[in-house]
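Enquirer: In case you want the letters, here they are:
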Amino acid sequence: MHIPRRAVAAAAVLATVLPLSACGGGSGADSSDASGKVEGKITFQTWNLQANFKDYFNGVIADFEKKYPGTEVKWVDRPGEGYADKISADAAGGTLPDVVNVSPDLVAPLAKAGLALDLDKAAPKYRKEYLDGAWKSHQIPGTEGTYAFPWYLNTGPMFYNKRLFKDAGLDPQKPPTTYDEVFADGLKLAEKSHGKVATLANVPTIEDFGRYGGQLMNKEGTGFAFNDAKGVELLTHYKELYDAKGLDSQALTATPESSGHKFLTESVAMNPGSALDLANFKKQAPSLYKNIGITDQVSSTGKANMYVMGVMVNAQSKRKPAAVAFAHYVTDATRQMEFAKQVAIFPSTAGSLDDPYFTKEDGTDVTRVRVAAAKSLKTAVNYTPVLFSEQMKTELRNQIAKALQGKQSPKEALDNAVKACDRLLQQS
Amino acid sequence: MKSPSPTTAAGRPSGRIRRHLPLSPWLFAAPGLIVVGAFSLYPFFSTLVNSFTDRRTLVPGSFVGLANFRELLHDEMFWTGLRNSVLYVVGVVPALVILPLLLAMLVQRHIPGITFFRSAFYTPVVASIVVVGLIWVWMLDDRGLVNAVLEAVGIGKVGFLSDQWLLLGSAMTVTVWKGLGYYMIIYLAALANVPRELHEAASVDGAGVVRRFFTVTVPAIRSTMVLVAALSSVSAFKVFSEVYLMAGPSGGPAGEDTTLVMLVQRVGTGLSGRVGYASAISVVIFVVTVGLMLLVLRADRKEDA
Numbered sequence: 001m002h003i004p005r006r007a008v009a010a011a012a013v014l015a016t017v018l019p020l021s022a023c024g025g026g027s028g029a030d031s032s033d034a035s036g037k038v039e040g041k042i043t044f045q046t047w048n049l050q051a052n053f054k055d056y057f058n059g060v061i062a063d064f065e066k067k068y069p070g071t072e073v074k075w076v077d078r079p080g081e082g083y084a085d086k087i088s089a090d091a092a093g094g095t096l097p098d099v100v101n102v103s104p105d106l107v108a109p110l111a112k113a114g115l116a117l118d119l120d121k122a123a124p125k126y127r128k129e130y131l132d133g134a135w136k137s138h139q140i141p142g143t144e145g146t147y148a149f150p151w152y153l154n155t156g157p158m159f160y161n162k163r164l165f166k167d168a169g170l171d172p173q174k175p176p177t178t179y180d181e182v183f184a185d186g187l188k189l190a191e192k193s194h195g196k197v198a199t200l201a202n203v204p205t206i207e208d209f210g211r212y213g214g215q216l217m218n219k220e221g222t223g224f225a226f227n228d229a230k231g232v233e234l235l236t237h238y239k240e241l242y243d244a245k246g247l248d249s250q251a252l253t254a255t256p257e258s259s260g261h262k263f264l265t266e267s268v269a270m271n272p273g274s275a276l277d278l279a280n281f282k283k284q285a286p287s288l289y290k291n292i293g294i295t296d297q298v299s300s301t302g303k304a305n306m307y308v309m310g311v312m313v314n315a316q317s318k319r320k321p322a323a324v325a326f327a328h329y330v331t332d333a334t335r336q337m338e339f340a341k342q343v344a345i346f347p348s349t350a351g352s353l354d355d356p357y358f359t360k361e362d363g364t365d366v367t368r369v370r371v372a373a374a375k376s377l378k379t380a381v382n383y384t385p386v387l388f389s390e391q392m393k394t395e396l397r398n399q400i401a402k403a404l405q406g407k408q409s410p411k412e413a414l415d416n417a418v419k420a421c422d423r424l425l426q427q428s
Numbered sequence: 001m002k003s004p005s006p007t008t009a010a011g012r013p014s015g016r017i018r019r020h021l022p023l024s025p026w027l028f029a030a031p032g033l034i035v036v037g038a039f040s041l042y043p044f045f046s047t048l049v050n051s052f053t054d055r056r057t058l059v060p061g062s063f064v065g066l067a068n069f070r071e072l073l074h075d076e077m078f079w080t081g082l083r084n085s086v087l088y089v090v091g092v093v094p095a096l097v098i099l100p101l102l103l104a105m106l107v108q109r110h111i112p113g114i115t116f117f118r119s120a121f122y123t124p125v126v127a128s129i130v131v132v133g134l135i136w137v138w139m140l141d142d143r144g145l146v147n148a149v150l151e152a153v154g155i156g157k158v159g160f161l162s163d164q165w166l167l168l169g170s171a172m173t174v175t176v177w178k179g180l181g182y183y184m185i186i187y188l189a190a191l192a193n194v195p196r197e198l199h200e201a202a203s204v205d206g207a208g209v210v211r212r213f214f215t216v217t218v219p220a221i222r223s224t225m226v227l228v229a230a231l232s233s234v235s236a237f238k239v240f241s242e243v244y245l246m247a248g249p250s251g252g253p254a255g256e257d258t259t260l261v262m263l264v265q266r267v268g269t270g271l272s273g274r275v276g277y278a279s280a281i282s283v284v285i286f287v288v289t290v291g292l293m294l295l296v297l298r299a300d301r302k303e304d305a
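Protein sequence lines, in the order shown, are assigned to chains A and B.
Numbering-wise, my numbering puts 48 at position 48 of the first sequence, and it's gapless, one number per residue.
Numbering-wise, my numbering puts 270 at position 270 of the second sequence, and it's gapless, one number per residue.
For reference, chain B alone in the conformation it holds in the complex (with noise of 0.2 angstroms):
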């Protein structure tokens, strides 16, 4: 029986199927269109909109221009914020870049044992922020366990969660051990695809492990740590939940460890809630992250060049 064709012989679709055609990629693509306009664009739109009034979480509001990013100028906690977000991409960015590459060459070799290193470096990734974040407090707390450690050994006590500088950096240091376990695996996935003839022929011309590494593997692998760096500092631009745990819901010291994901939470949340001053702040969030990925991606483009 001959079946019957979809498609005349120049090629074209038969008239029943042409007639439903121009709609049918639309049905295809509804479910997750309606799901990205709901939960994405929908709410970026209205954040857009709700910064430039004065609305609050009970208060519809009305159109106030560019007054909440005027106030922004002037906030001392909103300077505060930015300098905490900018300092978190600068301290964790080179870590979660480095480290997560280091890891993944050490546990890339077949050794007996190696697949409970494996699982054990990416065991910090699947574990809830919020018990990791208290465990981290416990252990840094004044008569916690590091403090204990450090007495012990004649340094004295150091008041992770109690100086400002230090909290970030016991912040940011928990990022760093949480993402290690990430990034290895990203990196693990690169380092396959690295060509075993290029490192042999490498070693044959004499290049000992830190030559072939810098020659070899680094730009093998260099996309791959761009993807790292871009989304290592999205995620460290944007960070809450560390810092929120760790420095407590003021924020540190006179809330001097506050970062602008926080001062949105801080701002915008509550029933006397200001919507319109926190969307303002997430604008400007959005923008920085847009451009720190377009920097990631000029640099690289540089480096292709």
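In isolation and in its complexed conformation, chain A is listed as follows (with noise of 0.2 angstroms):
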């Protein structure tokens, strides 16, 4: 068959130039309204908890939709390893679930694409039921609103190898809680070893400026100031222990799974965790468990990091009052309580951590975890900062790198780091 040279020269045009059509500016309108009748079928998305807590969620959907007649919820669950992919994906192709488990690095792009509905538009009433550190968590630099209901919050212990710690001829039931302390005896037990032990086997991440009492935006939150006198000192210290073989060989390639298997296999005396790795030291490093100390996250400004879960509502979602109302049930403080007795997490609503399941221990490992934590939650701060994307985190942490290897000192790492973090942030 033949077809005109035009004809095929006008399909490539086309070809060419309907994807460009695509190209345009984002729709403006005011899409907090969220008042109406809860009803019609909304779809739930959570983020890797299907595997472990089926019945739990099945359970708080059956009493949402009892309670609110007419209404149905579809329980999706998505895997934990490309999650922000995934809502990338579904809030590009405009298929982005109902009610959303977010964290709060993922709220930002979505709420400054319109996608995540203004809870102090939308349902401002429920603000007081929650923590106000947790509430403001989801809220962004530069804008107004806060675009998610807290959900569980999280902080760890930091565990540490005694057997280790008293072979370097230090006192293993005074672990360092401090920066200084870190490195003083870090360089100890480099030293003991000859270099066979490290303290730890990860690069710091921006949380690490954060607890060592560095600025990490400027005020305006328009750009990263993590660069200050704070920031070089403690990069300075790590490239001392590095250089001391006091931070693992491969910390610079390390993610958080192969820190955490460096201290099962005891090549590294400490390692941040949760309550949940005990049963997985009890279970994979018998040895290791018998010599396992537990001790307060490392910080120097006294407020351990903590890590905050939400529940988003798609602003686009046509069923907004049931998506509201449902978010708002999971999160409650009744829901929060049952889920922290599934697992170890804690409730980010007021009053909640007064609970004597938080307060009270039983003389086990697990609950003193569980109290410290609980009691360290109070005073502490989410140091993530919302804006910083996983791109801003690998040029943080390959600067850091080059610091480490000796290429550049620490505060040129610094300075160009927070230069790669502020384009990000403009383009972003």
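Simulated from the structure, these hints should not be mistaken for laboratory data.
As the structure is a prediction and not an experimental result, all values here were calculated from the model.
Keep in mind that the hints are not guaranteed to be accurate.
The following residues of chain A were derived to be distant from chain B, with all beta-carbon distances above 12 angstroms [said to hold, decoys possible]:
{"hint": "1", "residue": "Gly-70"}
{"hint": "2", "residue": "Trp-75"}
{"hint": "3", "residue": "Ala-91"}
{"hint": "4", "residue": "Met-158"}
{"hint": "5", "residue": "Arg-163"}
{"hint": "6", "residue": "Leu-170"}
{"hint": "7", "residue": "Asp-171"}
{"hint": "8", "residue": "Lys-188"}
{"hint": "9", "residue": "Asn-218"}
{"hint": "10", "residue": "Thr-222"}
{"hint": "11", "residue": "Asp-243"}
{"hint": "12", "residue": "Lys-282"}
{"hint": "13", "residue": "Thr-334"}
{"hint": "14", "residue": "Ser-389"}
{"hint": "15", "residue": "Ala-401"}
{"hint": "16", "residue": "Gln-405"}
A short, non-exhaustive set of chain B residues, derived as facing chain A with CB atoms under 8 angstroms [claimed, not checked]:
{"hint": "17", "residue": "Ala-29"}
{"hint": "18", "residue": "Arg-143"}
{"hint": "19", "residue": "Asn-147"}
{"hint": "20", "residue": "Ser-250"}
{"hint": "21", "residue": "Val-267"}
{"hint": "22", "residue": "Thr-269"}
{"hint": "23", "residue": "Ser-272"}
Beta carbons are placed, not taken as given, at the ideal position from N, Cα and C, and that holds for glycine.
Both chains are sitting in their own frames, so use the hints and assemble them into the complex.
Expert: Structure follows, in structure tokens:
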């Protein structure tokens, strides 16, 4: 069959131009009105929770549907790996579920794109039910509003290997709790073990700079500031530790998983974790479990870092009243308390941390970790800036690695990291 | 009974069939065309168009001309990625052209139990790259099997996973190891077509094993070697999994082992992904890949001439 050249050319031009037609401005319509009857079918997406908490969530959904006749909740769960990419694809494709489990750093771009419902406008009456700090964790510098209900909080203790401390002549009952103590003990551990035992398995993250007392962002939230004197001081200490082999040789490419593995195999003496890890130590490394020490998170500010999970409502949802009602239902004090009894997490609702479940020890390690974590959460800070994206984390990590390798000074490394992160912030 | 003839005496289609003929080929081809159009052509053109925009994951973006390509020129990580991808081709392709050929010649012989070895050499091909990558990471770890052996023989620990160049070399080793079986099968098919008489004649003329390899085997399977070179160079230039698994998401110490495809993944994915910029890197990868293919084919043509 003969196809005219003109038709072929036209098809080619169309194929090139059509995708361009998708480029344009976003919708600026106000979509924060969530008033109306709670009814209809909504979708609820969680982050890697189905495998272990299927019964709990099915129960919550059944209770909600019973409380609000005419509603139907479809629950979908996505694996932890690639969760942000899945949300990206859904958001870009217009298929974002009505209610989504998010972390603050995931909320920021969604809110900027007008996809996260502003709860200060849509559901201000619920604000008083939550801890003030937790509610604020889903606010974005430079914009007004709160874009997710706070859900569970978490913070973890620092685990350490008592045997390795003892072998190095350190007191296993007095583990380091500030960065200065970590560096001092780390140098001693490396020296006594002739470089065979490192104290830490990973390079510092943005949270470390926060816990060291450095400033992370400027007050306006328009630029990063972790290249201040405190930041440079912290990185300089890390460099000394790295040179003395007090930082694991594979720290520059480490992931949280590989760091955990190093601690399991007793090649590093300290590793941050959560109460969930205890069972893992007991099962996978009984010799380590016998020597396990548990202490507070390393912090020079006296405040621990906390991680916040949230539940966001899709601003484009066609069933906003039901979506808001369900997001609140999942995160209210009753449901959070029930969930906390299923797994080692902590409620973000006001007063819940005063429950005897979080204040009374029964002599076991599990309750000791739980009570200590709940106590530290009362003053804890979410040190990860909401606007600090994955790409920024990589930039910081790579510049730190260059400083540790001696390719640039700690000051140069942090200046470069701030410059790169500011550029990414401008582009976001 | 006389069966109806679809053509006239002059060999032209009958009226009924002729009416439908112009559309028929397209109807038959439609399923394939739709799949190719939806999953190859559209993404290709879309990437091309995006490379001229500042599109981000959640922001449609606008036309920025060649700004993304200009930015590439000043992006240190892009040059690092390009260097590593080119090094990967240089390191992996010669090994994947030569080693599978030697392996194929080895297992081509009909000796008892050879089927087991053929299967064994092919096993890495069917194994999941993630599983394979993790196994190699465990083996090459500071406290892994390989370092334990090296320490036992007095060489001492080697930082396979902490040194930038050793990491890249380790990833290349995994690529070669995993690809051996695949290309071996291609060579086995080619070797089966080399006439035995040529070898016999060369033997009668006094040619030894090495001489027969260069004067009989290589010329006979040269087109297959070119094919293997082309296939392996394209896949080596686009390497992702091996380096990602062994060097980690940050691309090795200070990102020094990042390859171009890793950079596309890092820059273009996530909620803050710069789709436009990642598309520009993808266009560069496409151009270099096509260039590599043309280079290999041109080299083959020169040999023919």
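Enquirer: Can we confirm that no CB of chain B comes within 12 angstroms of the CB of Ala-91 of chain A?
Expert: The assertion about Ala-91 of chain A is violated, with a minimum of 6 angstroms to chain B.
Enquirer: For Gly-70 of chain A, which was marked as not at the interface, is the minimum beta-carbon distance to chain B over 12 angstroms?
Expert: 32 angstroms, holds
Enquirer: Far enough from chain B: is every CB of that chain over 12 angstroms from the CB of Asp-243 of chain A?
Expert: 14 angstroms, holds
Enquirer: Minimum Cβ separation between Lys-282 of chain A and chain B greater than 12 angstroms?
Expert: For Lys-282 of chain A, whose nearest Cβ neighbour in chain B is about 22 angstroms away, the distance exceeds 12 angstroms, so it holds.
Enquirer: Classify the hint on Ala-29 of chain B as holds or violated, based on whether any CB of chain A lies nearer than 8 angstroms to its CB.
Expert: 11 angstroms, violated
Enquirer: Compute the least Cβ-Cβ separation between Met-158 of chain A and chain B, then decide whether it is above 12 angstroms.
Expert: Consistent with the label, Met-158 of chain A stays out of reach of chain B, its closest Cβ about 22 angstroms off (over 12 angstroms).
Enquirer: Would you check whether Ser-272 of chain B satisfies its interface hint, that is, whether its CB is within less than 8 angstroms of any CB in chain A?
Expert: Hint holds; Ser-272 of chain B Cβ to chain A Cβ min 4 angstroms, cut 8 angstroms.
Enquirer: Evaluate the condition: distance from the CB of Trp-75 of chain A to the nearest CB of chain B exceeds 12 angstroms.
Expert: Label holds. Min Cβ-Cβ 22 angstroms, cutoff 12 angstroms.
Enquirer: Evaluate the condition: distance from the CB of Thr-334 of chain A to the nearest CB of chain B exceeds 12 angstroms.
Expert: 31 angstroms, holds
Enquirer: How about Asn-147 of chain B: closest beta carbon in chain A under 8 angstroms, or not?
Expert: 11 angstroms, violated
Enquirer: If I take the minimum Cβ distance from Ala-401 of chain A to any residue of chain B, is it greater than 12 angstroms?
Expert: Not fine: 4 angstroms to the nearest Cβ puts Ala-401 of chain A too close to chain B.
Enquirer: Is the Cβ of Gln-405 of chain A farther than 12 angstroms from every Cβ of chain B?
Expert: Nearest chain B Cβ is 6 angstroms from Gln-405 of chain A, so the label is violated.
Against the hints set out earlier in the document, violations occur for numbers 3, 14, 15, 16, 17 and 19.
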